[in-house]
Amino acid sequence: DAGVTQSPTHLIKTRGQQVTLRCSPKSGHDTVSWYQQALGQGPQFIFQYYEEEERQRGNFPDRFSGHQFPNYSSELNVNALLLGDSALYLCASSLGGALFFGPGTRLTVL
Amino acid sequence: KQEVTQIPAALSVPEGENLVLNCSFTDSAIYNLQWFRQDPGKGLTSLLLIQSSQREQTSGRLNASLDKSSGRSTLYIAASQPGDSATYLCALKANQAGTALIFGKGTTLSVSS
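For the protein sequence lines, the chains are G and E, in the order given.
Quick note: the first sequence uses the numbering used here, first residue 132, plus one each step.
Quick note: the second sequence uses the numbering used here, first residue 6, plus one each step.
You may find that some hints are simply not true.
[Stated by the list, open to error] Computed footprint of chain E on chain G; a stretch qualifies when at least three of its residues, placed anywhere within it, have a C-beta under 8 angstroms from a C-beta of chain E:
#: 1; stretch: 167 to 175
#: 2; stretch: 181 to 192
#: 3; stretch: 222 to 230
#: 4; stretch: 234 to 241
[Stated by the list, open to error] Below, a list of computed lysine to any residue pairs in the SDA-like style, where the Cα atoms sit at most 25 angstroms apart:
#: 5; chain 1: E; residue 1: K110; chain 2: G; residue 2: T140
#: 6; chain 1: E; residue 1: K110; chain 2: E; residue 2: Q56
#: 7; chain 1: E; residue 1: K73; chain 2: G; residue 2: Q172
#: 8; chain 1: E; residue 1: K47; chain 2: G; residue 2: L213
#: 9; chain 1: E; residue 1: K73; chain 2: E; residue 2: P13
#: 10; chain 1: E; residue 1: K110; chain 2: G; residue 2: L142
#: 11; chain 1: E; residue 1: K47; chain 2: G; residue 2: T151
#: 12; chain 1: E; residue 1: K47; chain 2: G; residue 2: Q175
#: 13; chain 1: G; residue 1: K157; chain 2: G; residue 2: L226
#: 14; chain 1: G; residue 1: K157; chain 2: E; residue 2: G103
#: 15; chain 1: G; residue 1: K144; chain 2: G; residue 2: Q175
#: 16; chain 1: E; residue 1: K47; chain 2: G; residue 2: A218
#: 17; chain 1: E; residue 1: K47; chain 2: G; residue 2: H160
#: 18; chain 1: E; residue 1: K110; chain 2: E; residue 2: Q7
#: 19; chain 1: E; residue 1: K73; chain 2: G; residue 2: A229
#: 20; chain 1: E; residue 1: K110; chain 2: G; residue 2: P234
#: 21; chain 1: E; residue 1: K110; chain 2: G; residue 2: A218
#: 22; chain 1: E; residue 1: K47; chain 2: G; residue 2: L214
#: 23; chain 1: E; residue 1: K47; chain 2: G; residue 2: V150
#: 24; chain 1: G; residue 1: K144; chain 2: E; residue 2: K47
#: 25; chain 1: E; residue 1: K110; chain 2: G; residue 2: F195
#: 26; chain 1: E; residue 1: K110; chain 2: G; residue 2: S225
#: 27; chain 1: E; residue 1: K6; chain 2: G; residue 2: Q187
#: 28; chain 1: E; residue 1: K47; chain 2: G; residue 2: L212
#: 29; chain 1: G; residue 1: K157; chain 2: E; residue 2: Q56
#: 30; chain 1: E; residue 1: K110; chain 2: G; residue 2: G228
#: 31; chain 1: E; residue 1: K47; chain 2: G; residue 2: L170
Note that these hints are calculated values from the structure, not bench results.
If you're wondering where the values come from, they're calculated on a predicted model, not measured in any experiment.
Think of the CB as a built atom: it goes at the ideal place given N, C-alpha and C, for glycine as much as any other residue.
Could you build all of it, start to finish, from the sequences and the hints given here?
The structure is reproduced here in structure tokens:
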């Protein structure tokens, strides 16, 4: 079992650009959640996807959007990048219970 | 608004010492509480999960307790080892629906040999 996988590992973008991050859930898991972790902070909940729909959303602007595919994998899209979007983006999958986190994507916005 | 606080922010201990990490929260109406470990620049590994109806959970050298009425949880690590060096995060789930967890900022533990 490969667990939760995320790609890419690292990414560097400039302000105003758009970025797409990808997540493959743990085998058998149908729910994917995304979190943003700024340096020295705890992760903050962005949103959750289940059955290809956004089910729950944290306090993030509409620049943050997502998608879930029929195979349960997910994408996180961020438009009009700001310097403050620099963070570790964590994906977590679940099957109605505990969350299993991936290794994260480190996004740097210059 | 629920807030989660972890004290201390950093802790250094010699190998073999027993230690306690603290987590406090402002609203006692929680569904469950989890303790995670995070190695530098890496993802989160779940250590222990305590349901709101439980008082404690144990796994190996780790023991987590929960006191909802006082808004506190502790993670006890017995006989610490250098491999325990990491950041420990507590997170709570407010209700059964959804997957949103509210995290503290973590305690960074350093165990010296």
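Outcome of the hint check:
no.: 1; hint: 167 to 175; verdict: holds (count 5)
no.: 2; hint: 181 to 192; verdict: holds (count 3)
no.: 3; hint: 222 to 230; verdict: holds (count 4)
no.: 4; hint: 234 to 241; verdict: holds (count 3)
no.: 5; hint: E:K110 to G:T140; verdict: holds, 23 angstroms
no.: 6; hint: E:K110 to E:Q56; verdict: holds, 21 angstroms
no.: 7; hint: E:K73 to G:Q172; verdict: holds, 24 angstroms
no.: 8; hint: E:K47 to G:L213; verdict: holds, 23 angstroms
no.: 9; hint: E:K73 to E:P13; verdict: holds, 20 angstroms
no.: 10; hint: E:K110 to G:L142; verdict: holds, 24 angstroms
no.: 11; hint: E:K47 to G:T151; verdict: holds, 19 angstroms
no.: 12; hint: E:K47 to G:Q175; verdict: holds, 16 angstroms
no.: 13; hint: G:K157 to G:L226; verdict: holds, 9 angstroms
no.: 14; hint: G:K157 to E:G103; verdict: holds, 18 angstroms
no.: 15; hint: G:K144 to G:Q175; verdict: holds, 21 angstroms
no.: 16; hint: E:K47 to G:A218; verdict: holds, 12 angstroms
no.: 17; hint: E:K47 to G:H160; verdict: holds, 21 angstroms
no.: 18; hint: E:K110 to E:Q7; verdict: holds, 14 angstroms
no.: 19; hint: E:K73 to G:A229; verdict: holds, 20 angstroms
no.: 20; hint: E:K110 to G:P234; verdict: holds, 18 angstroms
no.: 21; hint: E:K110 to G:A218; verdict: holds, 14 angstroms
no.: 22; hint: E:K47 to G:L214; verdict: holds, 21 angstroms
no.: 23; hint: E:K47 to G:V150; verdict: holds, 20 angstroms
no.: 24; hint: G:K144 to E:K47; verdict: holds, 20 angstroms
no.: 25; hint: E:K110 to G:F195; verdict: holds, 23 angstroms
no.: 26; hint: E:K110 to G:S225; verdict: holds, 23 angstroms
no.: 27; hint: E:K6 to G:Q187; verdict: holds, 17 angstroms
no.: 28; hint: E:K47 to G:L212; verdict: holds, 23 angstroms
no.: 29; hint: G:K157 to E:Q56; verdict: holds, 23 angstroms
no.: 30; hint: E:K110 to G:G228; verdict: holds, 23 angstroms
no.: 31; hint: E:K47 to G:L170; verdict: holds, 12 angstroms
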